[in-house]
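Student: Chains R and L, in that order, give the protein sequences.
If you're matching positions, the first sequence starts at 1 in our numbering and goes up one per residue.
If you're matching positions, the second sequence starts at 1001 in our numbering and goes up one per residue.
No wet-lab data here; the hints were simulated from the structure.
Backbone N, C-alpha and C define an ideal beta-carbon position, used for all residues, glycine too.
Errors might be hidden in some of the hints.
[Stated by the list, open to error] Some chain L residues near chain R, calculated using beta-carbon distances under 8 Å:
no.	residue
1	L1150
2	S1160
3	L1162
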Amino acid sequence: MAESQGCARIECTGLGKSFPGALRAVTPLDVTFQPGATTALVGPSGCGKSTLLRLIAGLEDPSEGKVLIDDLPPVRQAARGAISVAFQDPSLLPWLTVRANVALARKLARQSPDPTLVDELIGLVGLSGSEKTRPAALSGGMRQRAAIARALATQPRILLLDEPFGAVDELTRRQLARDLPPLWQSRGTTTLLVTHSIHEAVTLADRILVLSPRPARIVADIAVPLPHPRDAHGADFRALLTRTSKALAQGDADNAPMAAQ
Amino acid sequence: MMRVASVGPPLLGGVLLIMGWGALAAVLRGGHLVAGPAEVAGWIAANPGLLGRALGKTLTNATLGFLAGNLVAIALAGVAMIWPRLLNLISGLALVVFCLPLIATGPILRVLMGPGDGPQIVLAALAVYYTTLIPLLTGLRATPAVWLDLVHSYGRGRWSELIHVRARAALPYLFAGLQIAAPAAFLGAMVGEFTGAEQGMGVLTIRFMRALDVPALWAIAVVAAAVSMVVYGAIGAVARMVLHDRPPVILSPPRGKPVSGLSRLFQPALLIAAVLVLWWAGMALPGMNPFFAKSPQDVLAALTTAPQAAATRDTLWTALTETAVFLLPGYVAGLMLGAGLAIALVLVPNLSTLVMPIAVALRSVPIVTTAPLIVLFLGRGALGTISLVAAMVFFPTLVACLHGMRQAPGQILDVFHIYAAGRLRQMAHIRIPAMLPAFFAAARMSVPAAILAVTVVEWLTTGRGLGSLMALSASVSDYNMLWAAVAVVTTISALCYAGVAAIERRILFVYAPEQVRP
Ligand SMILES: Nc1ncnc2c1ncn2[C@@H]1O[C@H](COP(=O)(O)OP(=O)(O)O)[C@@H](O)[C@H]1O
Ligand SMILES: [Mg+2]
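Please build the complete structure, drawing on both the sequences and the hints.
Tutor: Below, the structure written as structure tokens:
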């Protein structure tokens, strides 16, 4: 199948998820992710961010409500190779080299092999020279970068990144934040980025959704109307940082009485 | 840390074994019990044709059985992966077939298949498929959920899971199974030859045992052991080449989905029904002579309504108690010695550099082929039989326990080092709990092996117990008794296996919960 072209709109209506034992991870959410936009999801640990991504990827079935990607359920889009996920755990297959791990995504998505693209992506995440290395011999941050390259290898229409830079050192992280976004922005990929770093959210995203502690609820929906590349020392940037952290603190405070019940 | 399966230690083990053997022969010279290395080498040199033909025959049959049994195991595991609902039924049926006493299956196959190599090949296959199936199932299912999520995130299903993730993740487990299967296939083929073949190592064993030809018996046991060790080592070497790592030693328990109260009863009932239906259908096949092909109804009648039913039950019960007297002490002794020596080796690491290679070498010996020697040594009484059962259980237990204790998480051991806690305390608090899963896996898999060992010795030498009863019934064509014995032995064997597995689950729930939770 050829690479899927065009932008994808993700619509969540009344989307909720409970796990057995009446543990509610996501309260009914109504939210639309516009085609080609990059949205950052920030919220405290365990609030349900990964669950939300998994619902959108079709890896979990919603307990209520539904997700539609261009009017199709996620599993249908996944079967077309339209979705890529970079999991929180890099989940590289230990018996494959870095190159084979990245190439595997194209195989799974039933796309033709593209060694040039694969090597180009490996270079972009800074793993040139490690193509033939197996994951066990990589550091945590290197594994995460390989997983990002793998997610990009299918040139997906929807890119779901779950804390992709969690184990990456600060310097590399800044460099990746500079080099990678053009890859998906130029292709009009609809991107969701889960992150703990407010700084990262303001650097990369067009929009920031601040989530409350579990069950995830949208506390604030903040537009980031800044041109790329962004100046982290600019006044607008700093204002957005402050606004986002206030919203996070607010979400915590709102939920405190509920947690006490 | 010692490498359990690398090339050096087995080589060293072989040298140590030959030296020990030579010393033993020198000490016991004149007792007509031990033929020394020189004597054995002389016998082999004097009879190359006889030995070569027999070895060629047995090796061919063992290889065919090895291939057939392992292909069946791989196919069954594949089916269980594509239709997970069938998993419990498949592993249950596989266990029941594995528990069939080879001593009785041999003669029955002989009647069914006539002269030729059929029974030997089938017995070799029966001896290997289970030890491949169980680790394979474990390996296929011990895949981290995130790897499968990756496959699912591209909209792929079970086939892709199997091809891209599970099959490769299971390879180390497959090799572990194949390694153990190699000597088992040799053993199965030899037991098949015991039951009326014309040619092969098993036939020679019986002949020389009757003639009390000590050098010849030793020569056969040594050749069988050497061949098994070489194949065991070769498979290990292939595994290291393919895996960049050595295969795991532990045959962990298959983890099913947690079952609710009702299906806890339903699943065994389903299994029993499936066994009875398959048995009945097999006997009803065209070409099955009702004279020897006994169906479940026939066996039930022979045990309950037939005129001599009471006598049949008495005979079976007597044989059963005679067997239990040897089986239980041997089994328990094998487990205790295996675990005990493993603990000693970890406490005294210097000892292990000496003992471990020997243990690894002996683990690959088809113990049953040495039965005549052990009985020659220790007599036809209780000691010989118990020792053989113990030896059958001892080596797998020792190797598995050592491996288990090595798995003790390094970080926790570091904590103990910081507090300068001694070896004994490390042992009690970390190593022994870490050893338990391996210990129980070995205990579980040893149940049918121990029963095989005890019935073979009973049949070859002591003339008592279930092994002798089955052989006798076969030779006088008392097929009702033979089938009844098969049913009883299989049931008891499967129940004991399930009993050990139940204890295992309880203990692992405390010490290694990740092994029992799906
Ligand atoms: N498969 C599951 N079964 C039960 N509870 C789960 C499962 N997955 C996640 N949870 C729970 O749902 C909550 C949200 O988890 P997650 O989405 O991983 O949080 P986040 O990614 O925001 O840190 C957590 O409390 C977690 O324990
Ligand atoms: Mg998460």
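Student: Checking hints one by one. Is L1150 (chain L) an interface residue toward chain R, by the C-beta closer than 8 Å rule?
Tutor: For L1150 (chain L), the interface hint holds, since the closest Cβ of chain R sits about 6 Å away, which is under 8 Å.
Student: When the nearest CB of chain R is found for S1160 (chain L), is that gap smaller than 8 Å?
Tutor: holds (6 Å)
Student: Under the criterion of a CB-CB separation shorter than 8 Å, is L1162 (chain L) in contact with chain R as hinted?
Tutor: Result: violated, 13 Å to nearest chain R Cβ.
Violated hints amount to a single one, hint 3; each of the other numbered hints is respected by the structure.
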